[in-house]
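The primary structure of each chain is shown beneath.
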Amino acid sequence: MIKCKTSKEIGGMGHSKKRKEDARFIQGKGNYVDDVKLPGMLYMDIVRSPYAYAKIKNIDATKALEIPGVIAVVTGKDLEKYNLHWMPTLMSDTQMVLPTDTVMYQAQEVAAVIATDRYIARDGKEAVMVDYEPMDPVMDPFEALNPDAPVLRSDKEGKTDNHIWNWKVGDKEKTEEIFSNADVVVKQQMHIPRIHVASIETCGCVASYDKVENHLTMYMTTQAPHAIRTVIALVAGHVGLTEEKIRVISPDIGGGFGGKVPVYPGYVIAIAVSFLTGAPIKWIEDRSENLQADSFARDYHITAEMAGTSDGKIQATRFKVLADHGYTDASANPSKFPTGLFSIGTGSYDYGAAYMEADAVYTNKPPGGVAYRCSFRVTEAVHAIERMTDMFARKVGKDPAQLRMENFIKKEDFPWASPTGWSYDSGDYHAGLQKAMDAIGYDDLRKEQLELRKEGKFLGIGISTFTEVVGAGPAQDFDILGIKMFDSAEIRVHPTGKAIARFGTKSQGQGHETTYAQIIAEELGIPMEHIQIEEGDTDTAPYGLGTYASRSTPTAGAAAAMAARKLRDKAKKIAAFLMEVSEEDLDWEPGKFFVKGAPEKSKTIQELIFAAYTNHPPGMEGGFEAVHYYDPPNLTFPSGAYICVAEVDAETCDIKVRRFVAIDDCGNIINPMIVQGQVHGGLTQGIAPAMYEELIYDKAGNILNGTFMDYLVPTAVESPSWETGHTITPAPHHPIGAKGVGESPTVGAPPAIVNAIVDAVSHLGIKHLEIPVTPFKLYKELKAVGYFNETA
Amino acid sequence: MIAENFSYAAPSSIQEAITMLHEYGEDAKILAGGHSLIPMMKLRFASPTHLIDINNIPGLSYIREEDGFLKIGAMTREVDVEDSELIKSKYHLFGDATKLIADPQVRNFGTLGGNLAHGDAANDHPAVMMSLGASVIITGNEGSREVSLDDFFHGFYTTAVEHGEILTEIKIPVAKGRFGSAYHKAERKVGDYATAGVAATLQFDESGVCNRVGLGLTNVSPTPMRVSRAEELLMGSRVSEQDIAAAAKMAAEDCSPSEDLRGNVDYKRHLVKVITKRMLTKALGRAK
Chain R
1 MIKCKTSKEI GGMGHSKKRK EDARFIQGKG NYVDDVKLPG MLYMDIVRSP YAYAKIKNID
61 ATKALEIPGV IAVVTGKDLE KYNLHWMPTL MSDTQMVLPT DTVMYQAQEV AAVIATDRYI
121 ARDGKEAVMV DYEPMDPVMD PFEALNPDAP VLRSDKEGKT DNHIWNWKVG DKEKTEEIFS
181 NADVVVKQQM HIPRIHVASI ETCGCVASYD KVENHLTMYM TTQAPHAIRT VIALVAGHVG
241 LTEEKIRVIS PDIGGGFGGK VPVYPGYVIA IAVSFLTGAP IKWIEDRSEN LQADSFARDY
301 HITAEMAGTS DGKIQATRFK VLADHGYTDA SANPSKFPTG LFSIGTGSYD YGAAYMEADA
361 VYTNKPPGGV AYRCSFRVTE AVHAIERMTD MFARKVGKDP AQLRMENFIK KEDFPWASPT
421 GWSYDSGDYH AGLQKAMDAI GYDDLRKEQL ELRKEGKFLG IGISTFTEVV GAGPAQDFDI
481 LGIKMFDSAE IRVHPTGKAI ARFGTKSQGQ GHETTYAQII AEELGIPMEH IQIEEGDTDT
541 APYGLGTYAS RSTPTAGAAA AMAARKLRDK AKKIAAFLME VSEEDLDWEP GKFFVKGAPE
601 KSKTIQELIF AAYTNHPPGM EGGFEAVHYY DPPNLTFPSG AYICVAEVDA ETCDIKVRRF
661 VAIDDCGNII NPMIVQGQVH GGLTQGIAPA MYEELIYDKA GNILNGTFMD YLVPTAVESP
721 SWETGHTITP APHHPIGAKG VGESPTVGAP PAIVNAIVDA VSHLGIKHLE IPVTPFKLYK
781 ELKAVGYFNE TA
Chain Y
1 MIAENFSYAA PSSIQEAITM LHEYGEDAKI LAGGHSLIPM MKLRFASPTH LIDINNIPGL
61 SYIREEDGFL KIGAMTREVD VEDSELIKSK YHLFGDATKL IADPQVRNFG TLGGNLAHGD
121 AANDHPAVMM SLGASVIITG NEGSREVSLD DFFHGFYTTA VEHGEILTEI KIPVAKGRFG
181 SAYHKAERKV GDYATAGVAA TLQFDESGVC NRVGLGLTNV SPTPMRVSRA EELLMGSRVS
241 EQDIAAAAKM AAEDCSPSED LRGNVDYKRH LVKVITKRML TKALGRAK
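Sequence order for the protein chains is R and Y.
Heads up: the first sequence runs through residues 1 to 792, numbered per this note's numbering.
Heads up: the second sequence runs through residues 1 to 288, numbered per this note's numbering.
Be a bit skeptical, because a hint or two may be false.
[Stated by the list, open to error] Below are the DSS-like pairs computed for lysine-lysine, each with C-alpha atoms no more than 27 Å apart in a straight line:
1. Y:LYS71 with R:LYS457
2. Y:LYS282 with R:LYS454
3. Y:LYS249 with R:LYS777
4. R:LYS656 with Y:LYS176
5. Y:LYS189 with R:LYS780
6. R:LYS783 with Y:LYS99
7. Y:LYS88 with R:LYS780
Note that these hints are calculated values from the structure, not bench results.
Note that the structure is predicted; figures quoted are calculated from it, not measured.
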C-alpha cells in the first residue's frame, strides 16, 4: 500500500482517484478536432503518390474542378509562389509540403483538393490526373550507402551520397581494448523494425484564418501546441503571420504516442489554403493515410556486442547503428541528440566501458523517427542491451536472472556515472527483479520448463531489467529548435478556494486533468475535485514544450508542485498576519496552518485564500496566483523488472504469453490506478512490436500492409492478463520524487517477450529471433535448425 | 475511406429484389450483412452503382431441421448460429468457426449467405459447409434451383449465383448417429483471415465404420476446396490414427496455397497437415 499524506477528501498523491476526464469520454462527449465545425468551413483531401520515387511530369486537375463543389486543387507549384513548398523538420532537415517535381515515397502528398464537403473532396481526389515517371527507389538502408546508389536528396546543393549524419559516444579505445582481451564476446545483428503508433484518432486540423484580424486559429492534433505556434510563426512570419496572431488549440486527443509531435504537410497546406481563401479548412486523415504517410518509429539496424569474463561479469558493450530515416530526417528528438537518448543502452549494469556509433541514411520511405511511447530511441537501446545480456548469460552458462543480479548497479552506488555520460539518479534493481521473480515463481518455472521439454513441449521464461531515461530535459543540454525543454504551470486560485491550473503540456490520454490536480492538492491542501486543469490552448496556457517522452510529470508535474509551494508560502504569510504570530511559529498539515504547540489555533487554506482577496497583509500583492517554469536539474531514471512466460506450440509455432509480471519503479506514485492503466496500455504496445507489428515494403517501394487488415495491432484477445506491481525509489532531485511511467512498459516489454520465446526454443539451437516474432518466422527458424525435418 | 456514389434501395420481397437486379443491371449488388462489401467499397476496390439491401425481406433468417436437412436461411447472422441450441447440440464445427470469424460487431451483422455468396476462399463458411456436404438454394425469376457447394465456387469472387439471382437458403444433410465435426484456423491475430483453416466432419454407423466424411480447407486454394482423396481414404474406414495421419498428409499435398504476408507455401502446407490431424482427431472424439 502507498502511504498518503493527504486525506481522501483532499485526494493528493497516492490516492487512486477516478479520472476526472473520463466522465466526458465515456459519454461520448469528448471534443476532438473532427468535432470542430465552423461556419463556411471547406474540406481538404490529399492526392497521394502511388510510387515510391518518381518524377511528376504533369498534374491535370481539369476533371476534378468540373465536379460541382470542388473549389480548388493546390499543387507544389502553387505553394512555391509563397515559398511554402518546403518546410524545416524538427531536426533541421527539410521536408516537402507539396512536391514541385519529385515524389520521394509511396503515399507522399502530391496535391490537395478543396471542396464544400468531405465526400466531394474525396471524389475530387480521385479525379486529379497525375502523370508520373517512376524511378528505381532505394529501399534498403545498407544499399543506400553504396557508392553507386542514386543520390536521393539532389535538392541539397553539393550532396553526393545518402548519408545524413554520424554520431558517436563513449570511450572507443578503452572499449576496444576490453573487447580484444575479453574471455567471452557475444555479437548479434538485430533490426528494430519500422512500426507505427497507430493511435485510434488519426491526425487532422481545422485551420481558420481571419483576413480582417490577420489572425490564425489552428485546431489540430498536436502534443506540443506552443512549439507548433512558434514553428508556424518561424515558417509563415514572412507572409505576416507573427506569433501573437496565431492561436493553436489542441482539443481532446485520441492517442498521440509521439505521432502527433511532428508537423505534417497536411497541416501546412490547410493553413496556406485558409490564408489564401479566408475560409476555415478541415483536413482529417483516413486510417490508411495515417499508417502509410505519417511518421514511423524505430527502424534501427543494430550490431550489438558484449564482452565479459567467463564467470559472467559484463565488462563492455559496443553498438553500431544504421538508422533508416526515409527521405528526410524528421525525427522528433531534442536538437543536440540525433539518436535521441540511445546512449542509455548500457542498461542497468555496472561496467566501465561502452562505445556507440550511429549513421543515418536517406531511403525512399516516409520520413519520421518519432519517439513512439519512448523517450527518444530508448526502446531500441533497451532491446539491444537486454537481448545481449541474455545471449551473454547463455554463452557463459549462467541463469539470466542470476547474471543480472550479479551485474546490477548497486542501490548504494547512486548517483551512478554511466560510461556514456549519464548520471543515473536512483534505483534499486535487485529489489525489483527479486520482487518479479517471487511474483512469477521463477524457480518453479525453470523446473516446469525442463519437465515440459521431456514431453516435447516448449516453455520459455524471459527477463528484461531495464533502465529508462526520461523527463527531457535540463536546459543546458535539451532544446528543440533552440527552445529549452523546460515546462510550466500556472495556478489561479479563486476567492472561494477553488482553482484553475494551466499547463504547457497536453494530455492525449495520460490523465493530466486528474494527476496534476492531485499534485496541487498534495502541496496546497485544496481538494483535487476543486482544481480544474486546462491544457492545449496557447492563448491561455503558459509556454511549454508539450507531452511526449514521459516528460510531463518530471517537468510540468514538478512545475505544478513548485507553483503550489509558492502559493503555500504566501498562505503562510497571510496566516501569520491573521493569527498575529511569526511565520516560524507556524506548522503545515495538508489543508491548514496551525500554531506550533497550539493546534486548535489554525487557519484553513480556504480561509487564507479568501483573505488574499479580502484582507491581505499590508504591502503584500492581493490575489492568489503563481506561475512556475521548471528547469529540471537532471533527467529521471525509471526502471523495471519484467518477466514473461511464453508457451510455443511445437507443431504450429503458435506463441502464447501465459503470464507477464511487470514490476515498475517510477519513484513516488501520484495515482496508482492511472499508473496501472498506463502500464497495461504500454505493455500491450510492447507486445505489439515483439509479436505483431512491422511496416513492410517491397523492393519497388510499395507498402504491403497499409491497412489494419495486415498491420496487426494487438487487441485484448492477444493480451495476457497483465500482472503489475512496483518498487518505489523516489527521484532525489524531483520536487515530488516522481520519475514518469508512461513509456516504461513499451520500452521494457519487447525484450522480455523475445527473451522468453528464444528461451523456449533455445535447446533446439536458436540463439536470437528478430522481432516481430510471428509463428511463421519461428517456423522458418526452427526449420533452418533442422527441427521440422526431424519431426516430419 | 469514402465510397463512390451509389443509389440505395431496400425491397421488401425476394421478387422485388430480383426485379431490381434486372432493372439496374450488372452494376447492382445485393447488400446482406455488408461486412465484406462495404469495406471493399470504402477502399474503392468495389464500386457498385446500386445497392439492393435485402435486410428488410422477411423470412430469410432461420435455423431448422426439416425433411432430413438442416436448413439455414441466407440472412441468418453469425451470432444466431453462435446462439442456436440446435447447432450447439449437434453441429459443433459451427461453434468452432463462428467464434473465429472477425469480431462480435461483425458477427452481429454478417450473414451466412453473404459469407458464401461473396465467393472468397478466405472466408470460413465455405470450408465448413463443404465438409458438411451442403448445397444452396438460389432464387431467380424462373424460381429456385439447388446447387451443391462443390459446384458453387467458380473463381475469385465469382460463384454459381447469376446476375438476377439471390442465394436464399443453405441445406445440409442432418447429422445421424455418431456424428462429430470440428473447425480451426490459424490466424495472425483475432479477426484475421485464415493463414490456413480446416473443417472436418465424420459420421459413423452402428459398427463404427465411417459413412459420412467431409474435409474442407480455408484460404489455401484459389477457390474453396475439399480434400477428396482424403475423404475417399476415410470413408468406410474406422478412422484410425494412421488413417488420420495419412489424410493430413494428403490435405497438405492437395492444397495449393500461395505465398503472402501470412506465410509461404511450405508453412501453409505444414499448417494444413497439423490442423487437419487435430480437427479429424477432434471430430472423431466428438463422434463418440
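Here's how the hints hold up against the structure:
{"no.": "1", "hint": "Y:LYS71 with R:LYS457", "result": "violated, 43 Å"}
{"no.": "2", "hint": "Y:LYS282 with R:LYS454", "result": "holds, 25 Å"}
{"no.": "3", "hint": "Y:LYS249 with R:LYS777", "result": "holds, 22 Å"}
{"no.": "4", "hint": "R:LYS656 with Y:LYS176", "result": "violated, 37 Å"}
{"no.": "5", "hint": "Y:LYS189 with R:LYS780", "result": "holds, 19 Å"}
{"no.": "6", "hint": "R:LYS783 with Y:LYS99", "result": "violated, 31 Å"}
{"no.": "7", "hint": "Y:LYS88 with R:LYS780", "result": "violated, 38 Å"}
Hint compliance for this structure: hints 1, 4, 6 and 7 are broken, all remaining hints hold.
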